[in-house]
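Peer 1: Here is how the chains run, residue by residue.
Number of protein chains: 2
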Amino acid sequence: MSEKIEFLQPRAAVLQRRETIIGDLLEVLGADGLIHEPRELVPFETDAFVSYRRLPLAVALPRNTAQVSTTLKYCQRYGIPVVPRGAGTSLSGGAIPQEDAVVIGLSRMSKILEVDLFNRTATVQAGVTNLSISETVSPEGFFYAPDPSSQLACTIGGNIGMNSGGAHCLKYGVTTNNLLGVKMVLMDGTVIDLGGKYLDSGGYDLLGLICGSEGQLGIVTEATVRLLAKPEGARPVLFGFETSEHAGSCVSDIIAAGIIPVAIEFMDKPAIEICEAFAGAGYPLDVGALLIVEVEGSEAEMDDMLASIVTIARRHEVKTVRKCQSATEAALIWKGRKSAFGATGRIADYICMDGTVPLSQLSYVLRRTGEIVESYGLRVANVFHAGDGNMHPLILFNANDPVEAAKAEEAGNEILKLCVDAGGCLTGEHGVGIEKRDLMRHQYAEVDLSQQMAVRAAFDPQWLLNPSKVFPLEGRPAA
Amino acid sequence: MSEKIEFLQPRAAVLQRRETIIGDLLEVLGADGLIHEPRELVPFETDAFVSYRRLPLAVALPRNTAQVSTTLKYCQRYGIPVVPRGAGTSLSGGAIPQEDAVVIGLSRMSKILEVDLFNRTATVQAGVTNLSISETVSPEGFFYAPDPSSQLACTIGGNIGMNSGGAHCLKYGVTTNNLLGVKMVLMDGTVIDLGGKYLDSGGYDLLGLICGSEGQLGIVTEATVRLLAKPEGARPVLFGFETSEHAGSCVSDIIAAGIIPVAIEFMDKPAIEICEAFAGAGYPLDVGALLIVEVEGSEAEMDDMLASIVTIARRHEVKTVRKCQSATEAALIWKGRKSAFGATGRIADYICMDGTVPLSQLSYVLRRTGEIVESYGLRVANVFHAGDGNMHPLILFNANDPVEAAKAEEAGNEILKLCVDAGGCLTGEHGVGIEKRDLMRHQYAEVDLSQQMAVRAAFDPQWLLNPSKVFPLEGRPAA
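Just so you know, the protein sequences line up as chains A and B, in that order. For the first sequence, the UniProt record's numbering assigns the number 1 to the initial residue and increments by one for each residue that follows. For the second sequence, the UniProt record's numbering assigns the number 1 to the initial residue and increments by one for each residue that follows.
None of the hints are false.
For chains that are exact copies, the list does not tell them apart, and a pair is met inside one copy or across any two.
Here are the computed lysine-lysine pairs in the DSSO-like style, where the Cα-Cα straight-line distance is at most 30 Å:
1. Lys111 - Lys73
2. Lys171 - Lys323
3. Lys323 - Lys230
4. Lys171 - Lys319
5. Lys323 - Lys338
6. Lys335 - Lys319
7. Lys230 - Lys171
8. Lys407 - Lys417
Just so you know, these hints were derived from the structure itself, not from any lab. From a predicted model like this one, the values you see are computed outputs, not experimental measurements.
Chain A with its partners taken away, still in its complex shape:
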C-alpha cells in the first residue's frame, strides 16, 4: 500500500544541512545519544503499520527532559521536523518518520520516578513500558488499568499520544481516564507541567487535549498515572449465541441495563475457529458468535453481576453459558482471545480496522461489514471490545496479490465510513496516524478540521511536530 501514501515534501533546506545538524545534535546529546549512520537508522524506518518505510535524518535518544528541550529548541530554530517515538508499536503509522525528520526516541527515559500508594499514583518517565507499571506495583496489590495488547512493549508516552485502550478499558476507561498529569516539552523547548494528583483544576483542560494528540502538541517526558487496587477475584464466562446479531444485541442490553463488567469481548464464527485451532481454549464450536464476559470483585459481587447478565443473555436465546472453574481454564480462555491477531496472521494476511460505533448500531454494523467484505470477494473475522462498541474487523487477504491488497484497503475504508455514518468514528484506540488521515474529511467538516489545526498552531506554529499525520495533507496551512 506504500505507493499510495503521500507525505509532505521534505524540506530541502534541512536535507542540505544534514551534516551540520548531525554535528550540532551530537554536541547536545553526546556520541551515544544520536544515531545517524544509515544502517543503524533502519530499525526506525517504520512502525507496526509497516506500509511505508523511510530513513529519518537522525534519531535522538535523550536521557532527560533537559535534552529533549535543547533538541526541540534547536529543531525549531532551524525548521527541522520532529517525530516522537516510544516503542514503535503504532498500528496507524503514528511513529513513521520522513527523511527530513529527527526522530526523538524516548526509550532511554524509562525510570519509574515515584510510586505513591497513599494517593494511588505512579510518576514515570515517558519511555517506561505499559506493563512495567503494573508489574512494579503488583506486589502491593495495585495495577495500572489500560492494557493494550502490545503492553509488554508499548510505552506510556505512546499510550498518551494515541489515548490507547485495551480489553479491560470497558470498566476502567482508556488512557485519558487514567492520566493525572504530564511534564511536556513544547516545540520551542519550553517545559510545562499539566495536571497533578488532584481532582480537576482551574483553567483549561490542556491535559485532556494532550492525551490523544499523537505527538503534535509537544513531547511528553514524564507522566503521573492513576493506580487501582486489584480486585479480590475475576472470572471470565463464555456466552455462545446462534448468530452475531444475537450476541451484538445482548451486549447492547447488558450495557443499557447499567451493568459494566470489566470486559465484554466478541468473537464471530471465523474468529472462534481460528483461535480455537491455535490455542485449544475450549471455545464452543457449535455457536455462531461468542462473548467472553469478565466480572470481578468479591464472590458476592461476581455472583450478583453474573446472575443479571445471564438473565439478559436468556432474552437473546443464549445457547451456551460456561462459567470458568479454575485459574487454568481462565488463562486458556484469555490466551485464545489474546492470540487472535497472531493466530489470524498464520492463516492469512490481514488488515485490522478500529472503527467504533454507538452500541445500538453494533448488530447492524456487523451485518453490513460482512456484506461489504463479501462484495469484494474477501473474508472477515470479527474479534473486538464489544462493550464499548470498539470494533476490530480483520479483513483477510493475500498480500502478494496487489489486486487483493487494494480490495482489502478499499473494503477497510468503506467499513470505516460505515462506522462514521452509523454515528460512530474512525478510531477507538489506535489513533489516526497516517492510516486514517485522509478519512478525517469523512468524519469532520472543514470547519472542525480548521479549528483543530488552529489549536495545533497555538502549540506548534511551524507545524514541525509529527507533521504528516492526523490531518489530510491538502487544506492544511502552508508550513
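With chain A held as given, fit chain B onto it using these hints.
Peer 2: Same frame as chain A, now just chain B:
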C-alpha cells in the same frame, strides 16, 4: 469585596455605539429576544458570587443555535464583549457581566431534543436544567449523574462551562466524564459539532478542552450527555469519629483500598451542630467529625462494600456506625447535609472555598485550615466531598464589618494557596471565574498561563468571550 475587583476597561467604542447595537440586535432577535431597559437588566447584573454588580449593555435571549450564531458574528464584527449565562448560579462570578458586554442568556433554549435509552444518551439544549434531565428519564429507570447542589436551577450549559461536580461524582465522575458531545458556536458565528455517541474519536480532544473552559472558547447550544441506570438500592451510613484527623485518614484509606462508594461526605463538629440544629437529621453530637458514606447496588453488593468500609473505619477508632433503616431516615440524613450551606447562612455570613487536595493531604490541610482561620480570629465549618479531596471550608464572618470581611477573604486566599502548596488546586468544581482569577499565578507558572491563553486565542483571537474571567488581568495579551 466588590471594590477590590478590577475589570478590563470597558470599550469606549462599544459604549458610544450602544443605541445602534441595541437596534441591530433587535433586528436579529426580535423585540421579545433582547432585554435592554436598565430596570429589566437588573436580574442579570450579578450571579451567585454577588461580590460585584454591573448592568450589561443588553441581554440577548436567543431561541436557537442560528440566533446565537448571528449574534456572535455581529459582536465579533464590532468588537463587543459577550458573557454567556445559564441560570446565573455560578459561585465564582463566571456569569457576571460588564457594562460593555452583551449577555447571551440560554434560558429559552430549554428543550430536551432526544432521549436515546438504547445508547443511554440524552441530547438537550444548553438551557435545560440539570435536574430536569434526570426527571425526564427517571420513569424509565435512568438518571444523569453529576448533581451540583444547585441542580434544580443550574443549566447543563453552565455545568459544561464550569465542569460542575456534586456529592455523587465520587463514583460517577464530574461533568467532563458524562459529556459525550456538544454543538458549539465559535465567536465568529461558525457552528461546530464535537464528540458524539461513540468511544473516543480521531483528532484532538476538543470536547474535553471545552468542558470547564468557562465560556471563553465558544457558546455551547446543545449537549449530548450519558445516562446511567438507577441502582437497585442505595443506603447512606453514618460514621462518627473522635477527631477530623481520624475521619480524614479513614477517607484516604477507603479510597486507597480501591473502594469507591457513591459518596463520602465529611462534616466537622461545627458543621454537624449547625446542620443538626437546622434539620434534626439525627446526627450524633458526641463525635468530632462525621462521614456520610453512601453505598448502592443490590443488597449483596451493598453489604459487601459496607463490610469492607466498616473494617477500615475500625482501624481509625470509629465511635459510631449507624446504618440507615428506612427511606425516611435516609432522606433526613441527606436533608441535613444538603441544607448545610443554607443552615450556615442563618447563623453567619460565610464564604465557601473550593480547594482540592490529594487524599494523602486531607488530614494535614484540614488541621492547617483550622489554624489559619483561627489566626484571623474567625470560625470555620467544614462540610465537603471528602472522597475526591474536594474541600469546602466555610469561613464564617460578619459581612457588615468590613475589617472582618477583609480578614475572611485573606484567610480564604491563604487556604487556597495551602491547597496548591499541598499538591492540590484552586478549584474542584466551582471554577475560577472572577473569584480565583488572581490566584491562578499561584497555581500556574507564566509559561503555563501563556500556553492556555494561546489556546484561547486559537478560538477567540479578539478576547471577546467572557473576557475578565479565569486569567489575571495583567500579563494577558492586549485586547
